[in-house]
Amino acid sequence: MGSGNTPDSPYGGAIVRLSGEAVAHGRSHRRLITRLAARDIRRHKARSLLIVLLIALPVAIMSGLGTILDADGTTTDSETVSKYGDADMLIMPIEDWDGHCSQDSPDFAYCDVQGSPTPELRARQRQAMENLHVAGHELYPLRVRTVDVAWRSATLEGAVKGIDLTAVRPDRMELPSGPMPRGNNVWASGSAAKKYGWSTGSHVTIDGRQRTITGLMRERSSSYEPTFWVGPEDPLVRNGALTYYVKGPQLAKEQIAKLNASGLGVEERQLDSASDDDGVVAGQMFALVLAAVVLSSVVTATIASAAFSIGARQQRRMLALLGTTGAARRDLMGVMIGQGLLLGSTGAVLGVVLGIGAANVFVVIGRRANPGYLLTYSVNWEYAIVGLVIGLLAAVVACWLPAREVARQDVLMGVRHAEAAASPVRRPMAAIVVAIIGALVGIGWVIRDRVNTSDPYDVVPLNIGIVVTIVILYLAAVLALPWLVNKVSIPPSSRLSIRFALRDLNRNRGRAVAGAAASMAITVLAGVFVTLADGSAIQDRNSYQPNYAANVARLTGDDGHDHFASEKRMSKEVEQVEAVFGPSVKYQRALEPVTREKGGQNCRNGLSVDAPSSAPRDNEMERNLSVASAVIDDGTLYELLTGQKAGSKVMKALDKGIILFQPDARGRSQVSVFRDDEPNGSHELEVTAIKAPESSLGLQMPALIGRNTAAKALGVSPDAMKTQATDMWLRLPHPPTSEEGDRLQNSLMDITGSTSDFQWEEGFSDSSGTFVRWAAIIGAFLATFVGAVVLALTLSDSNASRTAIASVGASTATLRRMVAAQAFVTTGIGQVLGLIVGFVPVVIMIGCADTMQPVPWPVGWLALIVVAPPVLLAIVARWCVPVPKARMPRVD
1 MGSGNTPDSP YGGAIVRLSG EAVAHGRSHR RLITRLAARD IRRHKARSLL IVLLIALPVA
61 IMSGLGTILD ADGTTTDSET VSKYGDADML IMPIEDWDGH CSQDSPDFAY CDVQGSPTPE
121 LRARQRQAME NLHVAGHELY PLRVRTVDVA WRSATLEGAV KGIDLTAVRP DRMELPSGPM
181 PRGNNVWASG SAAKKYGWST GSHVTIDGRQ RTITGLMRER SSSYEPTFWV GPEDPLVRNG
241 ALTYYVKGPQ LAKEQIAKLN ASGLGVEERQ LDSASDDDGV VAGQMFALVL AAVVLSSVVT
301 ATIASAAFSI GARQQRRMLA LLGTTGAARR DLMGVMIGQG LLLGSTGAVL GVVLGIGAAN
361 VFVVIGRRAN PGYLLTYSVN WEYAIVGLVI GLLAAVVACW LPAREVARQD VLMGVRHAEA
421 AASPVRRPMA AIVVAIIGAL VGIGWVIRDR VNTSDPYDVV PLNIGIVVTI VILYLAAVLA
481 LPWLVNKVSI PPSSRLSIRF ALRDLNRNRG RAVAGAAASM AITVLAGVFV TLADGSAIQD
541 RNSYQPNYAA NVARLTGDDG HDHFASEKRM SKEVEQVEAV FGPSVKYQRA LEPVTREKGG
601 QNCRNGLSVD APSSAPRDNE MERNLSVASA VIDDGTLYEL LTGQKAGSKV MKALDKGIIL
661 FQPDARGRSQ VSVFRDDEPN GSHELEVTAI KAPESSLGLQ MPALIGRNTA AKALGVSPDA
721 MKTQATDMWL RLPHPPTSEE GDRLQNSLMD ITGSTSDFQW EEGFSDSSGT FVRWAAIIGA
781 FLATFVGAVV LALTLSDSNA SRTAIASVGA STATLRRMVA AQAFVTTGIG QVLGLIVGFV
841 PVVIMIGCAD TMQPVPWPVG WLALIVVAPP VLLAIVARWC VPVPKARMPR VD
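Numbering (UniProt numbering) for the sequence shown: 1 to 892.
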C-alpha cells in the first residue's frame with residue numbers, strides 16, 4: 001500500500017521519489033527546513049562566523065559613517081544651521097541702507113547700493129531695532145560686543161555674545177549644564193579654553209572687571225578671538241550690535257516692506273539659497289557613501305557566496321538524502337536560503353550595532369581630544385536602515401546562487417560522496433554584455449562630468465561614477481570566472497603535481513571559482529581605496545607649500561587687533577626660545593610702516609603688495625599672491641631669513657623694489673605697492689620684485705622693502721615715515737621638533753597668555769600617503785586571510801579527491817605541490833582580475849575627466865596586494881597542509 005506521498009507502483013512496490021517530484025507543505029515542514037539550516041550552522045561554526053562578519057562589514061561601514069557624519073553635522077543643512085540656528089529668520093539693520101532703498105531678495109538683507117548709512121540713518125536703525133515688534137512671532141535678541149580681555153600679562157581682544165541660549169541657538173552648539181550665566185559669570189567657548197588654558201572656575205578680566213567661567217561651550221565654528229556668552233540683558237553686551245533671531249511663519253511682502261522702510265532687513269531660512277547647496281552636498285555625500293557600501297556589499301557577498309558554495313558541497317550528502325526521500329528542489333534550496341537568512345540577519349544586526357558603537361566611540365575620543373569641537377552622540381537611522389537592507393540583500397544573493405547549484409545536483413552522486421565533473425563552459429556572453437554596459441556607464445559618466453561640472457575641484461560626482469562603474473565591471477568579472485578558470489587550468493607543464501592540480505581545478509570548477517572570487521573581491525576593494533587615496537596623496541603633495549623656511553620661526557608681536565607687545569615682553573619671549581634652542585639663536589624684530597595714530601599708540605596701517613603669481617590660472621583669471629606683510633629692511637633681516645649675505649643685487653632690490661618670499665612668486669616681476677587704507681589703483685607704485693632663494697620661501701614669510709621705496713609708496717619722506725615694531729623673526733640652529741615646539745609654547749604661555757605665539761614650519765603631514773600605505777597593508781593582510789579561510793574550506797571539501805590520488809600511489813611531495821599549485825593559481829587568478837577591475841577603471845576615468853584630481857599610480861602598493869597573498873598561501877600550502885593517507889575502499 002502506498003501513502004499520500006508515495007503512491008503505489010503499478011508493479012506493487014513503492015516508488016522512491018527523486019528531487020523535484022514532491023512538494024511538502026505545512027508548518028512542520030518549515031520547522032524541519034529551519035532545523036536543518038540551524039544544524040549545519042552549528043556544525044560549521046567557523047564558516048558561519050566568517051559569513052556573519054562578512055555581512056556585518058558593509059552594514060557597519062554604512063551605519064558608522066552615517067553616525068559620524070551626523071555627529072559632525074555634515075548630513076544636516078550645515079550652512080543654513082550656521083546662519084540661522086534654530087530660528088526661522090533673521091532681522092538686522094541693512095548695511096548699505098540709504099534711507100529709502102529696499103532689500104533685493106528675502107534671503108539677503110542688502111540693497112545693493114554703494115556706500116553705508118550716515119550717522120543719522122544709523123540712529124534710526126538702532127531705534128527701530130530697539131522698538132521692534134512683529135505680531136505672531138517670537139523675537140530673541142543677540143547682542144555682540146568687542147571687549148578687552150586681560151589674561152596673565154597679555155591683553156586680548158575678544159567678543160561677548162548675549163542671547164537666551166535656552167530658548168534659541170544661533171548655531172549648532174552644545175550648552176553647559178545649568179542656567180544661563182548671571183552676575184559676574186560667563187560661559188566661554190571650548191576652543192578658546194583650550195587655547196588659553198581655561199577651565200570651569202577660571203577667572204578672567206573682561207573690560208576691567210573679573211569674571212568667572214562657569215561653563216564651556218562646544219561650537220562647530222570657532223574664531224581666532226576668545227568668545228564669551230552671557231544673557232541678553234547682561235551689562236557686558238549693552239550697546240552691542242543687535243540682531244534678532246525670529247521664530248514664526250514667513251513674513252508677508254507688506255511686512256518686509258515696512259521693516260525696510262525703517263532700515264531693517266529680513267533673511268528667511270526657507271528662501272535662503274544656502275539650503276539648496278546644503279541639500280546638494282548632503283545628497284552627494286549620501287550617494288558616495290551608498291556607492292562605496294554597495295561595492296563593499298557586492299564584494300562581501302561574493303566572499304560569503306564562496307563560503308556558502310563550498311559549504312553546500314560539504315553538505316551535499318545530507319541534501320542528496322533529502323532528495324531521495326522526496327524533498328522538492330525548493331526544499332533543498334530552502335535549507336541553503338534559510339542558512340543565508342539566519343546568518344544574514346545576524347550579520348546585518350551585528351553590523352548596525354558595531355557601526356553605531358564604533359562611531360560613538362570615535363565621538364568620545366574626539367570630544368576628549370578637543371573640548372571645544374562639537375561632536376554629538378547620535379544615531380543616523382537612515383544610513384543604518386539602508387545598510388541593514390543592503391546586508392540582508394547581500395546575504396540572500398550570496399546563498400541563492402549556491403542553493404540553485406545544490407538543487408540541480410545528481411542525487412545518487414551526492415549519496416555516494418562522488419564528485420561529478422563540472423559541465424563544459426561556454427563563451428561568457430553574459431559577462432561580455434555586462435562588461436560592455438559597465439564600459440558605457442563609465443564613458444557616459446566621464447562625458448557628463450566634462451559637460452556639467454563647472455568646479456574642477458569637485459571630484460565627488462566623478463568618484464560616485466567610478467564606484468558605480470567598478471560595481472558593474474565586478475559583476476562581469478564574476479560571471480567570467482568559470483570560463484577563465486577553464487582556460488587557465490589547461491596543463492602547461494609535464495610535472496605530475498601541476499597536471500594533477502590543474503586537472504582537479506577544472507574538474508571541480510565550482511570550488512576553484514569560489515576561491516578565485518573570494519580573492520578577487522578583497523583585491524577590488526583594496527585596489528579602489530588605495531588608488532583613490534593615492535590620487536589624494538599626489539594632490540596634497542603637489543599643492544603643499546611651506547608657511548616658513550626650515551630654520552626660521554616667528555614670535556607674534558601683536559594680537560591682530562593693533563595691540564603690540566612691548567620690547568620687554570619680546571625680550572622675555574626670546575629668553576624662553578634661547579632656553580630651548582641654546583644661545584646660538586639669531587633674532588630681529590621687524591619694522592612695518594604706519595601712517596596714523598590710534599589711542600596714543602602707533603597703529604599699523606602700512607603697505608599692501610599686489611604681485612602676479614606663477615601658479616596656473618584658475619578659470620582663465622590671473623591669480624595674485626597673498627603677501628602676509630611688507631616690512632622695512634636694510635639687508636639684515638634678509639640675512640636672518642635666508643642665511644645668506646645680502647649682496648649688491650639684494651641691496652639694489654631693497655633700494656628700488658621689493659623682495660618676495662612667496663613660493664609662487666615669479667623670479668622677477670613688476671608689482672604694485674600701495675597703502676592699506678586706500679583702494680588698489682589710487683596711489684600705486686610700480687616697482688621691480690625679485691624672488692628670495694628657494695630654501696627660504698614660505699607663505700607666511702614677509703616681503704622685504706627698503707625705507708626709501710616704502711616712503712615713496714606712502715607718499716611721505718623717509719625721515720617723516722613712522723614705523724612700528726611687530727613680529728620677532730628668529731633663525732634657529734635646527735628646525736624645531738614637535739616636542740621642542742610644544743615645550744616652548746607652554747613656557748611662552750606664562751608670558752603671553754596664549755599657546756600660539758611661537759610659529760614655525762612643521763613640515764608636510766602626509767596623511768593621505770599614510771592612508772595609502774595602511775590601506776595597502778591591510779588589503780594584503782585581508783586578501784591573505786580570506787584566501788587562507790577559503791583554502792581551508794576548499795581543502796576540507798577536496799579531501800576525498802586527494803585521498804583517491806594518494807591511494808593510487810601519489811607521493812607526499814606530489815600532493816603537497818599539488819595543493820600549493822592550486823592555492824597559487826586560484827588566488828592568483830582572483831588577485832590579477834581584482835587588480836584589473838579595481839585599478840584600471842579608476843585611472844582611465846580620472847585621466848579622461850575634467851577635474852583637478854591627478855591620475856594615481858600606486859604600482860608598488862598594488863603589487864604588494866596582488867603578489868603577496870598567492871605567494872604566502874602557496875608557501876603555507878606547500879609546507880604546512882597535512883596530506884591525507886591512502887585509503888582503499890571495500891567493494892562488496
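Some hints here could point you the wrong way.
[To be verified] Restricting the straight-line Cα-Cα distance to at most 30 Å, the calculated cross-link-like pairs of lysine-lysine (BS3-like) are:
hint, residue 1, residue 2
1, LYS568, LYS586
2, LYS722, LYS649
3, LYS194, LYS253
4, LYS194, LYS258
5, LYS652, LYS568
6, LYS195, LYS83
7, LYS253, LYS83
8, LYS258, LYS487
9, LYS572, LYS194
10, LYS258, LYS83
11, LYS712, LYS722
12, LYS645, LYS712
13, LYS195, LYS649
14, LYS572, LYS652
15, LYS656, LYS645
16, LYS656, LYS568
17, LYS258, LYS247
18, LYS722, LYS572
19, LYS258, LYS195
20, LYS586, LYS487
21, LYS194, LYS722
22, LYS195, LYS572
23, LYS645, LYS572
24, LYS586, LYS572
25, LYS649, LYS712
26, LYS568, LYS195
27, LYS656, LYS572
28, LYS722, LYS568
29, LYS586, LYS656
30, LYS649, LYS487
31, LYS83, LYS194
[What the hints assert, rightly or not] If you anchor each label on the Cβ, the simulated ranges turn out as follows:
hint, residue 1, residue 2, range
32, GLN644, ASN184, 38 to 48 Å
33, ASN452, ASN370, 32 to 42 Å
34, THR212, VAL574, 52 to 62 Å
35, GLU157, ASN370, 33 to 43 Å
36, GLY178, ASP98, 21 to 31 Å
Treat the hints as calculated values from the structure; they're not laboratory data. This one's a predicted model, so the numbers in the text were calculated from it and none came from an experiment. Note that beta-carbon positions come from the ideal geometry of N, C-alpha and C, so glycine has one too.
Cross-check of the supplied hints:
| no. | hint | in the structure |
| --- | --- | --- |
| 1 | LYS568 <-> LYS586 | holds (17 Å) |
| 2 | LYS722 <-> LYS649 | holds (27 Å) |
| 3 | LYS194 <-> LYS253 | violated (46 Å) |
| 4 | LYS194 <-> LYS258 | violated (45 Å) |
| 5 | LYS652 <-> LYS568 | violated (34 Å) |
| 6 | LYS195 <-> LYS83 | holds (25 Å) |
| 7 | LYS253 <-> LYS83 | holds (22 Å) |
| 8 | LYS258 <-> LYS487 | violated (82 Å) |
| 9 | LYS572 <-> LYS194 | holds (23 Å) |
| 10 | LYS258 <-> LYS83 | holds (23 Å) |
| 11 | LYS712 <-> LYS722 | holds (13 Å) |
| 12 | LYS645 <-> LYS712 | holds (26 Å) |
| 13 | LYS195 <-> LYS649 | violated (43 Å) |
| 14 | LYS572 <-> LYS652 | violated (35 Å) |
| 15 | LYS656 <-> LYS645 | holds (18 Å) |
| 16 | LYS656 <-> LYS568 | violated (34 Å) |
| 17 | LYS258 <-> LYS247 | holds (18 Å) |
| 18 | LYS722 <-> LYS572 | holds (25 Å) |
| 19 | LYS258 <-> LYS195 | violated (45 Å) |
| 20 | LYS586 <-> LYS487 | violated (73 Å) |
| 21 | LYS194 <-> LYS722 | violated (37 Å) |
| 22 | LYS195 <-> LYS572 | holds (20 Å) |
| 23 | LYS645 <-> LYS572 | holds (28 Å) |
| 24 | LYS586 <-> LYS572 | holds (15 Å) |
| 25 | LYS649 <-> LYS712 | holds (20 Å) |
| 26 | LYS568 <-> LYS195 | holds (23 Å) |
| 27 | LYS656 <-> LYS572 | violated (36 Å) |
| 28 | LYS722 <-> LYS568 | holds (21 Å) |
| 29 | LYS586 <-> LYS656 | holds (27 Å) |
| 30 | LYS649 <-> LYS487 | violated (72 Å) |
| 31 | LYS83 <-> LYS194 | holds (25 Å) |
| 32 | GLN644 <-> ASN184: 38 to 48 Å | violated (56 Å) |
| 33 | ASN452 <-> ASN370: 32 to 42 Å | holds (38 Å) |
| 34 | THR212 <-> VAL574: 52 to 62 Å | violated (34 Å) |
| 35 | GLU157 <-> ASN370: 33 to 43 Å | violated (23 Å) |
| 36 | GLY178 <-> ASP98: 21 to 31 Å | violated (46 Å) |
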